[in-house]
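**Student:** Sequence:
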Amino acid sequence: MPRLPALAVFFIATGLASFNCDKPAQAADTSTHSNAETKATWKEFSGTWIRYNGNAIIEKIISEGHETHNIHSLYGQLWNTFSNPMVIEQEGKVRYYQKINTETGERFDRYAFKLINGYYFEYNRQATEEWIAANTDSWETDWQFRRASHPVNRLISAARSGDVDSIKELLDSGVDVDSQVQNSYTPLAYAAAAGHVNAVKTLIASGADVNRPGPFLKTPLLIAMGGDNIEVIDVLLAAGADFHWRMGHGGGMLNEAVFWGHPKVVFYCLEKGAKVGSKLYNGSTPLHAAAFQAAQNKEDQKTYLEIIKLLVEHGGDLNAESDDGHSARKFLEDSGEPELIKFIEAESQVTENPQQTR
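The sequence shown runs 963 to 1320 under my numbering.
Since no wrong hints were added, every one of them can be taken at face value.
Capping the alpha-carbon separation at 20 Å, the derived lysine to aspartate or glutamate pairs in EDC-like fashion look like this:
#, residue 1, residue 2
1, K1076, E1053
2, K1260, D1296
3, K1304, D1262
4, K1001, E1051
5, K1292, E1268
6, K1234, E1268
7, K1271, E1299
8, K1163, E1131
9, K1076, E1021
10, K1264, D1190
11, K1271, E1261
12, K1271, D1190
13, K1264, E1295
Per label pair, the in silico range of CB-to-CB distance:
#, residue 1, residue 2, range
14, S1025, G1202, 44 to 50 Å
15, E1233, P1113, 39 to 45 Å
16, Q1144, K1226, 32 to 38 Å
17, S1111, S1240, 38 to 44 Å
18, F1205, S1008, 42 to 48 Å
19, Q1144, F1070, 24 to 30 Å
20, D1127, S1045, 30 to 36 Å
21, E1233, W1004, 53 to 59 Å
22, A1308, D1127, 51 to 57 Å
23, E1092, S1128, 39 to 45 Å
24, N1244, G1202, 26 to 32 Å
25, K1264, E1092, 55 to 61 Å
26, K1264, E1193, 21 to 27 Å
27, Q1052, N1160, 46 to 52 Å
Since the hints were derived computationally from the structure, they do not count as laboratory data. Note that the coordinates shown come from a computational prediction; the quantities given were computed from them, not determined experimentally. Think of the CB as a built atom: it goes at the ideal place given N, C-alpha and C, for glycine as much as any other residue.
Modelling step: build the complete structure from the supplied sequences, incorporating the hints.
**Tutor:** What follows is the structure, given as structure tokens:
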């Protein structure tokens, strides 16, 4: 599986980028914040916290004076990890933490935060006391973490690891089979992403909604397209998953299989009747996505070229233009990549001489 399709960079960058505060860091207000209070804050703050961001799962592990940040894809790839020292400061009633560069000792990325009932809210801008009090649950202006030990996080974790016994135990304890938190998918979607057939069957047998959408309007079936497990896809379809579901940008099963770079799933979709010329709302086709990935993602170029050939063999049009006037052919021609140019030249010869086979 490719490390990260080029088109996914936008979603990750917008969801995971660091935000600098509106004004420089100030010294802690020690007149109202004793060492004992700081110790108590660290004790409350420490532990493992989880946040979901669509295709990414963010794990923050905090101990006194230190933070480790792990970012995984919902398919299990480790996309990024970093660790750094950190300090806690307080201004009036607002608490902040700030990261420290281990090489230079400089402080950076200062965040206001608040801990409430097992939640940890992180604010990515300078906060007034009035603002932080009024925006406890605002999804627009903060990151919302829950402890890893929260029952919903435990259910999602069990689904991701295929731990059927834990799934049953948590469902028996009353955890909703379709539990979702801010920007997460359902446990069924995570089990499908990981290719855990028995976990998928267990969740469906327990009443999981096979068409419950999450971020980007992706259903468990669309998530499974990136997991490269045909058996899981078959199980979802047999349980009533909507083959024709379209996500937020207008793409369906075939688009997702192409996007994540899985030739056998692309072939499966085509054989099931997915339309090779289906368009997103911007007029682009699966061939546009495959050509763009092949041109931009050199490490997985052979995989995407294989997908391009599959799509062309099933009637895909290299010359079809999206709303902005781009074609798959143009992506390939402009790439400057020898193998892609060679393919285009061969296709041109076939077009000019129909008797010639590919």
